[in-house]
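All chains, please: the whole structure from these sequences, using the hints.
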Amino acid sequence: MTDGDGSDLTGDQRALRDTLRDTLRGLLVTELPTAALRAALETDAGYSPQLHTRLAAELGLAGLTIPGEFGGLGLSQAEACVVHTELGRALYPGPYLAGYLAAGVLAATVPATGDRAVAERWLPQLADGSVTGTIAVADSGGLWSSAPGGVRAHLTPHGWRLYGRSWYVIAAHVAGIVVVSALAGSVPAMFLVESDAPGFRVSPMPGLDLTRRVGVTAFDATPAVLLVQGADAAAALDRAEHEFLLATAAEAVGGIDWCVDAAVMYAKDREQFGRPIASFEAVAHACVDMLAAFQEVSEVARYAAVADVEDTAEAPTAARVAALRAGQAYRGVTEVAIHLFGGIGSTQEHGAHLYYRRAWAAERLFGGPRAHRAALTDRTGL
Amino acid sequence: MDFAEDPDHRLIREAVREVCARFPDEYWAELDQSHTFPWEFYAAMAKGGWIGIAIPAGYGGGGRGITEASIVLEEVAASGACMNGASSIHLSIFGMHPVIRHGSEELKQRYLPRVAAGDLHVAFGVTEPDAGLDTTAIRTRAVPDEAGYQITGRKVWTSKALESERVLLLTRTTPVEECAKRTDGLTLFVAPLNDPAVTARPISKLGRNAVASCEVTYDGLYVDASDRVGEEGRGFTYLLDGLNAERVLIAAEALGTGRAALRRAAAYAKNRTVFGRPIGQNQGIAFPLAEAHARLGAAELAIRHASWRIDQGLPAGEQANLAKFLAAEAGFAAADAAVQTHGGFGYATEYHVERYWREARLLKIAPIPQEMILNYLAEHVLGLPRSY
Chain A
132 MTDGDGSDLT GDQRALRDTL RDTLRGLLVT ELPTAALRAA LETDAGYSPQ
182 LHTRLAAELG LAGLTIPGEF GGLGLSQAEA CVVHTELGRA LYPGPYLAGY
232 LAAGVLAATV PATGDRAVAE RWLPQLADGS VTGTIAVADS GGLWSSAPGG
282 VRAHLTPHGW RLYGRSWYVI AAHVAGIVVV SALAGSVPAM FLVESDAPGF
332 RVSPMPGLDL TRRVGVTAFD ATPAVLLVQG ADAAAALDRA EHEFLLATAA
382 EAVGGIDWCV DAAVMYAKDR EQFGRPIASF EAVAHACVDM LAAFQEVSEV
432 ARYAAVADVE DTAEAPTAAR VAALRAGQAY RGVTEVAIHL FGGIGSTQEH
482 GAHLYYRRAW AAERLFGGPR AHRAALTDRT GL
Chain F
11 MDFAEDPDHR LIREAVREVC ARFPDEYWAE LDQSHTFPWE FYAAMAKGGW
61 IGIAIPAGYG GGGRGITEAS IVLEEVAASG ACMNGASSIH LSIFGMHPVI
111 RHGSEELKQR YLPRVAAGDL HVAFGVTEPD AGLDTTAIRT RAVPDEAGYQ
161 ITGRKVWTSK ALESERVLLL TRTTPVEECA KRTDGLTLFV APLNDPAVTA
211 RPISKLGRNA VASCEVTYDG LYVDASDRVG EEGRGFTYLL DGLNAERVLI
261 AAEALGTGRA ALRRAAAYAK NRTVFGRPIG QNQGIAFPLA EAHARLGAAE
311 LAIRHASWRI DQGLPAGEQA NLAKFLAAEA GFAAADAAVQ THGGFGYATE
361 YHVERYWREA RLLKIAPIPQ EMILNYLAEH VLGLPRSY
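Going down the list, the protein sequences come from chains A and F.
One point on numbering: in my numbering, the residue at position 194 of the first sequence is 325, and numbering is uninterrupted.
One point on numbering: in my numbering, the residue at position 281 of the second sequence is 291, and numbering is uninterrupted.
Read the hints as simulated data drawn from the structure, not as lab findings.
Where is the CB? At the ideal position from N, CA and C, for every residue including glycine.
Do not take every clue at face value.
To be verified - Derived contacts from chain F toward chain A, CB cut-off under 7 Å, selection only:
| hint | residue |
| --- | --- |
| 1 | N292 |
| 2 | Q293 |
| 3 | G294 |
To be verified - Chain A is nowhere near these chain F residues, computed Cβ spacing over 12 Å in every case:
| hint | residue |
| --- | --- |
| 4 | Q43 |
| 5 | W167 |
| 6 | S214 |
| 7 | L216 |
| 8 | P325 |
| 9 | E389 |
| 10 | G393 |
Claimed, not checked - Using C-beta positions, here's what the derived DEER-type ranges look like:
| hint | chain 1 | residue 1 | chain 2 | residue 2 | range |
| --- | --- | --- | --- | --- | --- |
| 11 | A | G512 | F | R27 | 49 to 59 Å |
| 12 | F | A304 | A | G474 | 43 to 53 Å |
| 13 | F | E50 | A | Q403 | 52 to 62 Å |
| 14 | A | R510 | F | A304 | 35 to 45 Å |
| 15 | A | A362 | F | E187 | 43 to 53 Å |
| 16 | A | Y294 | F | R192 | 47 to 57 Å |
| 17 | A | T443 | F | G353 | 52 to 62 Å |
Here's what the structure looks like:
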């Protein structure tokens with residue numbers, strides 16, 4: 132596995148992955164050029180529901196990692212890595228990441244509790260794209276937590292009721308169901324809330340990233356279904372965070388790839404002093420450094436995904452390292468790219484700022500480098 | 011604001027350059043390789059009167075300030091002598107500062123004229139293996155009797171311990187438990203080094219090998235009470251007095267080392283032809299050198315500002331620390347760019363830049379690491395809580 136490319140994956144798996152990548156990239160290049168992306172960002176939803184439905188219907192994207200028995204494709208994190216990379220490359224603004232995280236928790240409840248009811252009801256709808264899911268797990272500081280200060284759950288004669296707020300909920304404004312991390316007494320638990328439930332409210336958190344909206348979800352005696360509790364809930368939260376780390380690293384790979392392509396194309400095209408600016412070493416070397424960042428980050432991201440598929444002992448560390456390095460590199464690359472574009476790179480019209488915004492926000496989402504370093508410090512026994 | 015160069019300073023620069031020109035890179039490379047102290051260079055600098063430049067005129071010195079001393083050391087380093095040259099005279103130029111400020115008249119008369127003339131070499135013994143920068147944690151003890159003190163302990167990184175007749179030695183005279191403050195109870199001496207109770211062992215190190223740094227053991231060394239600097243128990247305060255000035259001088263040495271490296275690198279980049287043109291025509295070569303020049307320029311301004319404040323008697327902690335930080339970074343970056351510019355030859359001793367590089371690296375660590383400078387700026391300038 133040292134090549135980071137998953138030598139243990141079968142030829143079929145690799146072929147599937149390559150097909151998925153090519154099809155998805157082709158579709159997004161056609162359907163979501165910068166102009167279309169900018170238009171989508173102007174809408175209330177912030178993305179094109181038609182395109183989102185097409186990605187679910189034609190490619191089965193929404194059900195990629197959902198088990199086949201619940202209507203999904205049942206694919207692994209190796210394929211998910213490819214998808215996240217392509218969506219990150221196109222700066223896809225639809226609620227894919229949110230649904231992927233919610234589906235992960237719902238699928239995990241089946242082996243944990245033996246209860247299939249919730250999974251059978253919701254997973255097929257997430258898989259076919261008819262319902263959008265998200266996950267509400269962060270406190271006001273953006274850290275994933277089931278600690279006091281977040282959401283509390285109380286068992287009433289009418290069932291569970293949630294109180295409190297969660298922050299940084301991705302795509303909360305369009306979610307049909309929300310997986311919520313809460314404390315039931317002193318016990319961590321995960322719940323499912325339908326967005327039309329009484330006492331549920333979403334308010335936007337306007338931020339730097341224009342292509343990924345987040346919001347605050349508020350719960351006031353909101354009816355909820357218990358998914359898992361105790362150690363199972365803690366495990367589900369850990370697993371969801373792990374999947375987020377893999378996804379954010381893979382998205383960064385795609386974003387960096389876009390920056391390299393766009394900057395190189397511009398450097399070859401743009402002439403100054405009678406020659407393409409790419410012929411100046413300061414420009415050429417900056418492009419090469421970006422390419423090196425792309426290679427490095429795509430290797431660490433794939434390595435982490437394959438470590439997950441193979442369930443190796445280092446998988447958690449690999450995912451943390453991937454998220455940390457990807458976050459730093461992505462932001463650095465977008466800064467260089469904007470510099471290389473010169474004046475045009477600092478205009479609203481150019482797409483570069485959208486990548487810079489995404490990179491900046493993604494690096495810090497859910498604790499960011501501090502959380503990664505703290506987790507790695509713990510794991511390495513420092 | 012007046013940036014015009016003082017005519018005196020220009021004369022100092024030119025005169026020091028003239029002395030240094032007699033000691034080319036080959037001289038320093040040979041001494042560095044053979045681990046030999048630069049006696050001839052030292053004698054020439056003494057003869058020119060440069061060693062006593064900052065010692066008061068009443069004691070045989072030049073009576074000039076830190077600005078002039080920093081110019082001398084910058085020029086020495088910039089000649090290609092780098093830290094081998096600067097360190098051979100640094101302590102003679104500046105090390106006696108606590109004696110000048112706090113020593114008895116008798117002590118000053120006894121030592122300063124000989125230091126100024128270059129006849130008396132002095133070393134500096136402060137840090138210890140277990141103390142590091144936590145100076146008040148030193149354990150070298152000086153126990154008083156009727157006429158003097160018995161000193162026992164171990165110092166590390168005492169430069170020129172082998173060549174020096176005396177050492178400015180920091181000791182603990184009152185155990186820390188009996189002191190109101192940790193900084194109390196430390197006493198400074200002008201102690202003898204050529205005594206059977208003293209053993210000095212050079213430390214094998216990366217660079218600046220013409221000037222050895224030693225681990226020195228004091229096994230019951232007897233020091234006469236008349237060799238005590240100022241009052242007993244106040245040694246730490248006396249040392250603090252000179253820290254800003256020392257930082258500025260070190261910064262000037264880093265600046266000079268960077269200038270030497272940049273001069274060689276630019277000359278090489280102009281003359282070395284690859285792919286049918288001078289390599290300096292490539293931005294990949296030219297830009298790092300231009301950037302090194304820009305950073306050295308900024309460091310130089312910071313040094314001038316700090317030395318001016320010190321000579322005016324103004325508080326200069328912020329400026330001196332800032333100058334040391336910027337100059338150490340800029341000097342090393344210039345040396346590093348010079349090595350890279352030379353390609354494979356940068357690694358060869360023949361081109362001298364590897365020697366500059368090894369010596370420039372030292373200044374990011376000694377006499378105080380960059381991190382401690384940042385601690386100072388964070389705490390004393392920005393008002394952030396102390397971290398250590």
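Quick check: which numbered hints come out false for this structure? 12, 17
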